[in-house]
Amino acid sequence: QQQVKQSPQSLIVQKGGIPIINCAYENTAFDYFPWYQQFPGKGPALLIAIRPDVSEKKEGRFTISFNKSAKQFSLHIMDSQPGDSATYFCAASMMEGGADGLTFGKGTHLIIQP
Amino acid sequence: DAGITQSPRHKVTETGTPVTLRCHQTENHRYMYWYRQDPGHGLRLIHYSYGVKDTDKGEVSDGYSVSRSKTEDFLLTLESATSSQTSVYFCANSPHGQGHTQYFGPGTRLTVL
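Sequence lines, in order, name chains D and L. According to my numbering, the stretch in the first sequence is residues 6 to 119, in order. According to my numbering, the stretch in the second sequence is residues 31 to 143, in order.
It is worth saying that the hints were derived from the structure and are not from the lab. As the structure is a computational prediction, the values presented were derived from the model and not from experiment.
DSS-like mimics (lysine-lysine), calculated; alpha carbons at most 27 Å apart, straight line:
| id | chain 1 | residue 1 | chain 2 | residue 2 |
| --- | --- | --- | --- | --- |
| 1 | L | LYS87 | D | LYS10 |
| 2 | L | LYS100 | D | LYS47 |
| 3 | L | LYS41 | L | LYS87 |
| 4 | D | LYS47 | L | LYS87 |
| 5 | D | LYS20 | D | LYS47 |
| 6 | L | LYS41 | D | LYS47 |
| 7 | D | LYS20 | D | LYS63 |
All chains should be built: construct the whole structure from the sequences, respecting the hints.
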């Protein structure tokens, strides 16, 4: 199983700071990279996703940066708020070839302190 | 929105007993998935389905079976539960399959004593 390596495992940031979560993948056939946000007791919810034909995508305060040559992508949260405290998962899959599920990173537990 | 309900939401069972978890969707999406979530492992794919009666194994399928007799229902069965199967189980669906958004249900917390 191709891996997606996520770091850091946990992260504490002051309100207004910019937490950055990084992911690296091995399988060069991956071409869809979503980020999921999960609150305690809830299922993961799609936050933002990127395909490798762009190097950056922004949605509100959330930005994905993508480096295809390094096989890395990262999530940045601008002007972070205590309500952003959650576990974040990066994931990857291939657009073609079947119905396989996503390969997930192990998650980052983010705490935004007031 | 996933339009997914999972039942039961919580279950405690004993080692060696059979357990079936149910996933029901209201969206009629073709693709459905079962994942398990464990601390330090993230989410791992157990089985998935790409249509009625069409299923395939994921990364951690040993000890699990699935069935999909209707578009809206995807069942996960533990034939003989073991303590290593204590986990939170999530069902997900997708309208377009691989490379597209998956929507997750609320999860089932299963404890095997």
